[in-house]
Every structure is written in C-alpha cells, then in structure tokens.
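Student: The lines below spell out each chain.
Number of protein chains: 2
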Amino acid sequence: MEYSFSKSSEALSSSVVREILKLTQGNSILSLAGGLPAADSFPVAEMREAFNRAFEQGSTSLQYGLTDGYLPLRQWIVKRMAQKQIQVSVDNMLVTTGSQQAVDLLTRVYLDKDDVVLVENPTYLAAIQLFQFRGVRVIPVDGDDEGMDLDDLANKIAKYRPKMVYVIPTFANPTAKVWSMERRLGLLRQCREHNILILEDDPYGEIQFDGEPPYRSLFSLDEHPHNSCVVYTSTFSKIVAPGLRTGWALGDERVIQMMVKAKQAVDLQSSTIDQVALYQLLSQFDLDSHIEKIRESYKERMEWMHELMTRQQWEGITWQKPRGGMFLWVTLPEHIISAELLKVAVAKGVAFVPGEAFYASDTKTNTLRLNYTLLNREDTELAISRLGSAIEEYSKVVVP
Amino acid sequence: MEYSFSKSSEALSSSVVREILKLTQGNSILSLAGGLPAADSFPVAEMREAFNRAFEQGSTSLQYGLTDGYLPLRQWIVKRMAQKQIQVSVDNMLVTTGSQQAVDLLTRVYLDKDDVVLVENPTYLAAIQLFQFRGVRVIPVDGDDEGMDLDDLANKIAKYRPKMVYVIPTFANPTAKVWSMERRLGLLRQCREHNILILEDDPYGEIQFDGEPPYRSLFSLDEHPHNSCVVYTSTFSKIVAPGLRTGWALGDERVIQMMVKAKQAVDLQSSTIDQVALYQLLSQFDLDSHIEKIRESYKERMEWMHELMTRQQWEGITWQKPRGGMFLWVTLPEHIISAELLKVAVAKGVAFVPGEAFYASDTKTNTLRLNYTLLNREDTELAISRLGSAIEEYSKVVVP
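From first to last, the protein sequence lines are chains A and B. Just add 164 to the spot in the first sequence (first one is 1) and you have this note's numbering. Just add 164 to the spot in the second sequence (first one is 1) and you have this note's numbering.
Please note that the accuracy of each hint is not assured.
Any copy will do: because identical chains look the same in the list, a pair fits if it lies in one copy or spans two.
Claimed, not checked - Straight-line alpha carbon distances no greater than 27 Å define the calculated DSS-like cross-link-like pairs of lysine-lysine that follow:
id: 1; residue 1: 528; residue 2: 457
id: 2; residue 1: 512; residue 2: 171
id: 3; residue 1: 327; residue 2: 277
id: 4; residue 1: 277; residue 2: 171
id: 5; residue 1: 327; residue 2: 171
id: 6; residue 1: 512; residue 2: 485
id: 7; residue 1: 243; residue 2: 457
Hint data in this document are derived by calculation from the structure and do not stem from the laboratory. All values derive from a computational prediction rather than experimental measurement.
Whole structure, please, built from the sequences with the hints as guidance.
Tutor: Take a look at the structure:
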C-alpha cells in the first residue's frame, strides 16, 4: 500500500515544539519550551469535588449533550463576560475543545483555500500552522510594542484584500505584547470599513501582573454581539486547568451557528462530563481569588527569571519584562541563530523554543521564547544558568 | 458587517437530525430519531470511582498531555484489540474525540477537494456531511444485504478512481447490515489492487445479538498494521458512555502520525482527565460482562420494537430484524414520503429520521430509521402506536 496524503497535510510536516518535546522527554532536560501552566495552580481538590457533584446528577452527565455546549456552563460564561464589558446571550456562544478548536472551526467556516489572513509577526505558531493546513495565505503585518503598525495594516489590506485578521492583543504568545487602545481602535476601524473579520484570541487576558485596569478586549470595544466584526475566543486552560480542554467562542449568532454546525460535523460535541463538572466547580468557587493567586505566583516566577537573566549580564541580549501572560521573548545578537543555540542548550540540559517558529515570513533567527510558569524556583535558576553556559559556549564557536 | 462564509461551509447548511431534535425539545414528543445509547447502561457509580482514582494521581490528570492520547489507555486498547485478532502497538493508535473526529482527521490528511470517496448507500449521514464539508465527492456504490456489490465497486473504481472507501461493515448505521466474509475480502482485494484506502468505522461491532461468532473487522483481515490499506476507528461511546467523547483510530504508523499532527493543529488533544478516568475504569472493570448486559438489554428492546411493529400489521412496510447495533431500518410503500410522514408523526408525538438524509445520491424517499436503544418499554410501545396512527392518517390523505 502506498499512501498519498492530501496536499494540505504538507503544511503539517514539521512541528518545532513537538520535536523539542521529544528531545526533552525521559531525561533530565529542564524545559522552558512548553506553554504549560504551573500544575500546582490547578484546583485539584475542588475539581474532584465538582466531578463528584456532576455524578450526583446521574447518567445525563455521561450522555450525549448539545453541540453548542452545556447550557448552565454557557449561562455562567455569559455572566462572567458581562463583568468584562461584553454583553452576549448563550446564542452568541459555543463551547469548544480549548480555544485552539475555535480557531480551527472559524477558519473552516470562514476561509477558503488561498484566502488571506493577516497576523502579527511573530504570532502563535499553532495558529499559523492551522491556517496553512487550511491552505490559507498567512501575511504578517509589521508592528511594535504597541501592536500592529496601522499604516502597514492599511497597506496590507489594500494589497491583499484579506478576509480575516488574527490577533492576540493582550499578553501575546510569544511576545507578551499588549496593544495600546489607539491600535485596538485603529484595527477595529479599518476592519469594519473593509468588512474584514477579526479573530481575537485571548487565552492570557486574565493573567495580568502590571496593576493597571484590565485591558479591554476588541470584542468589548466593537459593536456587539450582533454585527460584530470580531469573533472572540478564550479558555479555562490558564485559569482552571488545561486537561479539561474547555474553551469558548463568542460572536454574532450567525457566525456562531455556522461554527456549531461545523463542530457537529467534526466531533459532535466536547466532553459532557467535563463541562458539567466545570460548571459545578465555577458555581461554588471563588474564581477571582483563584486567578489572583495565579497572577501572584506567575508574577513572582516571571520576576525571578528576569532577575536571573539580568544577573547573567549577557551582552547584546534584550527582552521586555512581561506585563502578563506566560512567556518572555528574548532577542539575541544577530549572529546567534537560536535554532543552533538550542542544540547546545539541550546538550547542557535546557530547552526553549527558537523564535523562527513564530514568524509567518520575514523570519528572525535570533529570537527565542522562554516559559516561566512551569518550573519551580530552583529549576528555573538551574535552567537559566544552563542557558547562560550554552550562550557562552555558542559564542566561543561562532564569533560575530 | 457582512459575513461571507467559506464555500465549504455551504455543505453545512442543513442538518436533518438537528432540525428534528429542535422539534422534539421541550415537549412530549417521543424520539426514535437520535442515536443515543440507553442512559441506564452507563456504569455511573464505577465511573465516579474511576474519576476519584484519577484525581488521586494529583495535578497531572488536569495538565496538558500527549496529542496521541494517554499512554496507559492506549496500552489497554492494544491488549483489547489483540482479542479481536488485531495486532498493533501504541504507535499505530491515536485517541480521538469520539470516532467522529477520526473520520474528520483522516479526511483532512488524506483527501483534497474534488477527491472521490466511495460509500455504501445509504450510510452514516454525518460522514457524508463531513466529506462534503471537505469538498470531497461522495459516490455511492450499490449493495444488498451482504454488503457492497463487488461488480459495481469495480465499475465505480474504474470510473471515479477514488482515493478512499468509507464503510461500516458490521451493524451499519442506518441499515444494521452485516457484510458477508466474501464481500469483506472482495473489498480488501480490490482496494489493495488499486491502492485505495479503506476507512472502517466500527462503533457498533460489540453490540451483537445473533449468537454468531464476532464478525471479523476488515483491519484484522488485512495485512496489518504496517502497510495496511485499512484505517480502523471505534469508540467507547456505545460500550461505556458517549459523554466521555473517547474513540480511537488504528492504522499504519505513517497514517496515524499524520493524523496526530493534524489533531495537534486542530485541538491539541482530547480531555486528559477523561482519558485517565476511562483507563482507571477499564483497569478494574469487567468490560465483557458489561457489554454482555448491554447486548441483552438492547436485544430485548429491539425484539420488543419488532414485535410492536409486527402487531401493527402494516401493509407494504418491511424491515429486517437487526443482528446487532442500535437501529431498525424501515422501507415504506413508495408513495409514502417519509419526510412528509415525519410532520404528521411529530404532530402525533413521535419522531424518527427520514431515510433520505442517509443517501449520498439515488435517494430513496420511502425509508426511515428507528432507534430502539433510548426509550424504555412503555415509551417504545407508545411511540410505535403513535407512528401507526401517523401512517394511518398519512395514508388517508395520500392515496397511492
């Protein structure tokens, strides 16, 4: 038998992070590569109780349920969203298998092969991969610390006539960037004018360290929910636990209904029992206090990594201290190719994600992403020390 | 904002079953339309204990896990499959969000737009919909009670050069058909000769009533796992509970690895906690006794529905007593259009799925599918009585 895979599967041929994870498995390599929340932040005892309460409802928690999701959970999310200046009903909402699935479903119902999606550069690598798997053209827009460059956005809209823009405006992956209000409003204005849909991916919005008021989502700033030019997606992965694979999408009811139909074809529905248990947890749990604890813990870890890196007194290596999220984005001197540095680093016992994976094009090879939420204090110290040795060794071999 | 959906989303425009479910919600309509297992067959107490044991492992049950699935669960499935004359390793296996997702993933990595897939006629409607959502051409092959007609299969292979054949050879949805050994071997021979992949969907194989030895899967009859021309998928939905949304796919490791990459892009992984809990259940549970109880219960329900229908003494209405599975397939006199009959039936308080939804083309409008697993004895009696009234009323209006 000779297998002949689809053309679109060619876009799946390499996953940098998977390869790194393979390298780090089963040995003593400390990984700063993943995007895993701290396991000690999961409300394990409360979740266990919530599952027990879910089973008290009997067999319905194990039966098929609605494709759009468990209604009490959707009603809970409606109330939560109202605290974020988002006014929606359950008909504007779809529960998904993590926010990742929301990106997939919207892509499939909204974009055809050769359609254009604009993205930040760098941006979330799995989103780039999903778009390419769909056969969609991914065009990067220039940007700075404030968000996308609005002039370049206008140029790219004129040149490529995109159907969609994909953005993570708050504590982006991988850069931890926060868009200014001016850029948020500018993006909305241009997209509305040109009838372009915005997919706002907001997995990290709650993980804020900087003491500022919460940053406004694009969805909340736009006319909504009816006729919104934004589809918003978020997840419980970072504020409760990722193993429940529960996220949600919000949007105009016509867009959401089309995503529901797609989900019905794709996997019928996400786990019933997980949704019932999650609702049971949330209905008796002080989520805001829990999030506050995650914020404090992650802020402390981030500050610690920042301090350890500062102590290294690296020359020509720069980064911005994150205001939230889970990642620290590092720029190396131009002669250091981070994918090559990774090999040295793995030999020293530490892993990270080379930045090149996050670029749709105009790839910079001298960047890398560090995660600070997974490792404990001691392991982080050891990991940064190993990273320092790797940089030192690499610099000895490759002279600028 | 004017939304402009993808071309492929047009295939999603109508879902007969969804529309029927809407009709039946929130009132006293008895539904023979769905494909829901009997809720009283779910091992609720054992599952609850299994979740508690999963939580004893601490936070890892709530963390991200491997895309291919929780390793102990995959190892358990390997052993189970060996009892079915299937020899695989964990590398030939992928855990999916129900077997529905396996169909989607394989379609996306193996078929491009305008590729051809051959199917039985009628066949599982959600598979037809998925193929059409992918832009794949769905071509039906003629068949009889023994399976696909091998001559027509040869003709269609010559004419359409298909890349894949999709079949449910054991207790099919909607017909409950069981393929003969001759047809199974004939399909394998032709597909191997022409390098065509077979997707064998086997959600109902364990639900056997007829006292015969278990029917051999195509996958077990083919050279496997390396170089197999079959990808096999099954699910825990019908033998444990559908709300866990846990299925699996088996195949050559190259095909499986491509599906794993697609799954990583699509939703990263299925629920960690559900997989850990399911493994905890299976490792301490007598699954075979449990399946035996389901078989007895479903056989009794099927016999009861068959008896009730026989008592109706309908003229010109025929069906075959199922040897297994969850559905009873009914052929009406040609002048009865089952989609029209449904309207009368809903007014009488009973729903079914009109057969036309299950045809890729050459649609027969005088067929319908009844589910016998969900309702209890009393409700089944009432439902068939209401169906009888509906047929009587319909026949008064529409004279052949």
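Student: Identify every previously stated hint that the structure contradicts and give their numbers, smallest first.
Tutor: 1 and 2
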